[in-house]
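Asks: Chain residues, written in single-letter form:
Number of protein chains: 2
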Amino acid sequence: MAEVKTRRKRGGGRAGNAERRGSGAIEQMPWNPPINTDRPTEPLTEEGIAAIHDGTMRILEEIGIEILNPEALEVFRASGGCTINGENVRMGRDFVMEQIALAPEEFTITPRNPARAITLGGKHLNFGNVSSPPSYWDMELGRKVTGTREMCANFLKLSQYFNCIHFVGGYPVEPQDIHASIRHLDVLYDKLTLTDKVAHAYCLGRERVEDVMEMVRIAGGHSDEEFEASPKMYSNINSTSPLKHDYPMLDGWMRLARRNQGLVVTPFTLAGAMAPVTMAGAVAQSLAEGLIAVVLAQLIRPGVGCAIGTFTSNVDMKSGAPAFGTPEYMRATQMTGQMARFYKLPMRASGVCAANVPDGQAVWETSNSLWSGVQSGAHMIYHAAGWLEGGLIASPEKFVMDCEILQQIQRYMDPMITATGPDEIATEAVREVGDQGHFFGIQHTQDRYTTAFYQPFLSDWRNFEAWEAAGSVWTAQRAHQVYKDILAEFEAPPMDEAVREELEAFVARRKAEGGAPTDF
Amino acid sequence: MAEVKTRRKRGGGRAGNAERRGSGAIEQMPWNPPINTDRPTEPLTEEGIAAIHDGTMRILEEIGIEILNPEALEVFRASGGCTINGENVRMGRDFVMEQIALAPEEFTITPRNPARAITLGGKHLNFGNVSSPPSYWDMELGRKVTGTREMCANFLKLSQYFNCIHFVGGYPVEPQDIHASIRHLDVLYDKLTLTDKVAHAYCLGRERVEDVMEMVRIAGGHSDEEFEASPKMYSNINSTSPLKHDYPMLDGWMRLARRNQGLVVTPFTLAGAMAPVTMAGAVAQSLAEGLIAVVLAQLIRPGVGCAIGTFTSNVDMKSGAPAFGTPEYMRATQMTGQMARFYKLPMRASGVCAANVPDGQAVWETSNSLWSGVQSGAHMIYHAAGWLEGGLIASPEKFVMDCEILQQIQRYMDPMITATGPDEIATEAVREVGDQGHFFGIQHTQDRYTTAFYQPFLSDWRNFEAWEAAGSVWTAQRAHQVYKDILAEFEAPPMDEAVREELEAFVARRKAEGGAPTDF
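Quick note, the sequences are listed as chains A and B, same order. Residue 518 in full-length UniProt numbering sits at position 518 of the first sequence, and the numbers go up by one each step. Residue 305 in full-length UniProt numbering sits at position 305 of the second sequence, and the numbers go up by one each step.
Be careful, since some hints might not be right.
Stated by the list, open to error - Chain A side only, calculated, beta carbon under 10 Å to chain B, not exhaustive:
1) Ser-135
2) His-222
3) Leu-299
4) Ser-319
5) Gly-360
6) Trp-461
7) Val-507
Said to hold, decoys possible - Pairwise CB distance ranges, derived in the manner of DEER restraints:
8) Val-499/A x Thr-45/B: 55 to 63 Å
9) Ala-50/B x Glu-214/A: 54 to 62 Å
10) Ala-321/A x Ala-492/B: 47 to 55 Å
11) Glu-27/A x Gln-446/B: 32 to 40 Å
12) Gln-436/A x Pro-302/B: 50 to 58 Å
13) Ala-466/B x Leu-141/A: 14 to 22 Å
14) Glu-465/A x Glu-504/B: 53 to 61 Å
15) Pro-30/A x Thr-45/B: 21 to 29 Å
Source of the hints: derived by calculation from the structure; they are not laboratory data. Backbone N, C-alpha and C define an ideal beta-carbon position, used for all residues, glycine too.
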């Protein structure tokens with residue numbers, strides 16, 4: 001395998017033109033969140049759905065979930081539909097179904113650039129960047145290091161640059177060179193100025209959530225009323241499996257619910273560790289932990305948009321290490337998709353792997369997870385680009401490689417590929433060419449060749465000899481160069497100068513006030 | 001990326017035990033061709049199916065196919081259902097449908113070891129090794145070289161070793177150090193002694209086909225009558241797109257049909273080159289070229305088993321180079337699956353890529369193609385392990401990596417993952433653990449942990465630090481070591497000594513007779 005070296009760009013005037021218009025690193029697909037036209041893959045029978053539903057409801061009815069937040073407990077108590085013992089909350093299935101029926105089947109989140117709005121529900125499919133790894137790895141460093149603000153900003157640039165990234169998740173790498181009390185202020189400033197896509201808030205205490213909502217409101221130029229009229233951002237919370245929701249997560253969840261922002265709840269139910277070793281059991285537990293949060297949100301603000309996430313996977317039973325993108329992971333995702341449709345709730349899945357570097361294993365694990373997200377009918381695929389080592393590492397090469405796969409998924413959903421009108425059946429073209437010659441030159445081909453096929457930006461389709469002559473560059477190295485090229489030419493999306501100043505002033509004020517407490 | 005180095009085996013008594021029982025290289029899944037329980041992915045509507053069918057039939061009715069084989073022309077002529085002009089053969093759709101209705105929806109091929117029989121049709125899914133690349137690449141060589149008998153034999157050993165390889169295709173690499181006149185004799189001897197799985201004959205002239213049938217008959221210990229009672233082997237032919245079938249392919253096809261052996265016809269219709277630039281057009285042309293061969297087989301021996309293959313992909317419209325595992329490829333495969341079910345014929349798909357080395361691109365292209373084969377309901381997936389550079393290179397590392405993916409597909413089809421009985425819903429396990437502790441130690445987990453999850457042989461699920469301490473070995477290097485380990489311990493399947501002697505004598509006699517002519 002060759003060292004990292006300069007990637008040879010596709011030659012000629014096209015690259016030159018692209019550079020002049022300021023997007024020369026690669027030729028990518030336009031912004032166009034896919035419409036998932038495939039019928040989902042559904043491993044569960046009707047009886048299977050009923051069995052998982054019954055298991056989920058029995059957990060909520062008979063076993064209950066620990067709600068480690070007094071305010072949330074009070075909301076459940078006031079509803080009149082719950083049985084509360086200490087922090088344990090139970091509720092009957094009729095009550096659960098009645099409450100979650102208030103949640104919309106579909107909702108739209110609109111960021112500061114309304115052209116980048118995303119819809120969760122229906123056949124909509126949206127991809128987001130890797131979120132929350134503490135560490136960073138790239139090919140030039142060749143080692144794992146602690147995340148910094150610069151690395152984080154670089155991933156935000158990638159997230160903005162790639163049109164196949166439709167929303168921005170949590171911190172793409174945890175910037176540990178910023179003090180935890182003010183980290184959210186700096187990263188959100190970076191996120192809101194370097195990107196114009198849907199942004200996310202961590203539910204890590206009152207101040208962080210409120211600060212982020214305020215910054216998103218400022219960036220969008222909204223009044224409070226406008227901000228709350230429809231979701232402008234979202235949060236994702238995780239339960240503490242098994243069967244617990246912690247204080248700060250629920251606190252943030254309720255704050256966003258009150259202000260009508262997007263809500264995603266994703267239990268991390270590793271089968272055999274924090275959930276039953278059987279996938280149906282792990283899915284049922286995940287659903288119970290998720291649905292109780294949806295009930296809470298609906299009790300606070302009926303009709304607020306809630307999506308349920310799946311993060312059900314298995315462990316390596318030899319070591320206890322989490323595994324990702326496995327056959328069990330794929331099936332759990334598909335099963336959760338069936339249940340999300342049963343509950344009429346939008347769904348989140350993920351692009352994940354256990355691999356430590358962007359090698360073959362990383363691709364088959366990530367590809368399995370991404371495609372199972374597609375097959376599940378998920379509307380939001382988290383960590384869709386850049387994730388390594390079970391979420392402990394963010395890597396720019398992996399980000400670029402994953403975006404190549406995401407573009408392929410987008411193209412796969414283009415109905416033109418499977419169109420069957422007379423022009424596509426092309427009997428006259430077949431007649432014209434007959435049994436001699438080829439189709440390159442005929443009018444039917446000439447009319448379509450620039451758009452007929454997906455054009456990858458990272459795959460090298462040259463033959464071995466041409467590839468070898470160009471330096472024998474493997475995929476990950478090519479991705480490294482693409483990453484460098486993108487950074488070199490990145491331009492932030494436009495922002496009104498007054499808005500920027502207001503954001504800056506907000507950040508400065510909140511820093512002066514000490515930011516957020518770090519003792520949560 | 002580290003150099004090739006000794007792979008650290010999983011330690012402990014298990015590996016030791018495995019070595020003692022003679023299969024220590026890896027712990028693999030047992031022989032168990034999967035039953036594909038997924039509903040196929042079907043991008044075509046009923047109208048779309050009708051439109052492609054109509055296009056296919058119009059090609060056969062109005063345009064016709066060139067049949068460059070006088071004997072085949074005579075069969076078509078004698079049928080009374082065809083219009084023949086020179087070598088151009090046309091036929092009406094009623095005749096086509098009547099003839100292909102004679103072909104079985106499902107047939108079984110039984111090799112010399114009856115336990116390795118494979119069924120094409122229904123929900124059966126079978127994987128075969130890479131076939132026919134002229135060149136070889138491995139990580140130790142680090143360069144592309146011409147195939148030899150030794151390399152070919154090594155791939156045959158891999159094909160036998162891996163239980164997820166269910167049939168043996170053509171030569172896994174073309175052994176160009178053997179003269180073409182006797183190559184089939186040596187390779188078939190190797191194939192029939194190193195493997196006990198279903199074997200294949202190339203349709204490259206009378207002598208080769210007849211020799212291979214005879215060798216398979218000898219290896220199975222069959223009389224002529226037994227050999228012809230049901231398929232014991234198969235061939236795959238390609239049309240010469242557009243709209244032609246060449247002499248030797250049809251000659252072999254008819255010879256196998258007469259003796260009731262398995263038949264697979266796979267047009268290589270690259271959209272925009274040898275077929276219309278539109279995928280529906282390319283699929284329709286592929287079907288027309290395929291179905292006429294099925295008609296021929298049925299005219300010769302009504303009821304003989306025929307499968308139609310798809311090899312419809314797109315070209316890189318910038319260079320004309322073939323592309324594989326693309327979104328267009330995936331959709332063409334799924335569309336062909338719908339048409340194969342419409343025609344009630346078993347189907348072949350492939351595992352393919354354009355990548356030159358076993359890197360990330362190789363995995364996403366191959367994974368896309370393999371999974372689209374699964375999604376299409378294909379019964380036979382050719383080239384499922386070992387293919388690089390659009391089929392010009394066979395690689396042992398790629399073979400091993402692909403087998404990791406194939407095992408995952410096998411496991412994915414295991415109904416235990418999605419089972420929803422009371423034990424799988426596991427409400428009592430959830431109750432037992434409650435909101436404290438974990439599931440590792442409970443009886444429900446202990447009873448299942450050895451079989452609950454897929455255990456990969458090639459993925460490294462250790463964390464970064466442990467992976468780094470073990471040498472930072474990327475997937476392809478790990479695969480190289482697995483390949484070496486497998487070769488070191490390979491044991492050929494048993495064969496009766498008298499049978500082996502008869503095979504040897506046959507090969508010696510046919511060599512003395514000069515083998516096959518090389519002027520075809």
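Asks: Tell me the numbers of any earlier hints that the structure contravenes, in ascending order.
Replies: 2, 3, 7, 8, 10, 11, 12, 14
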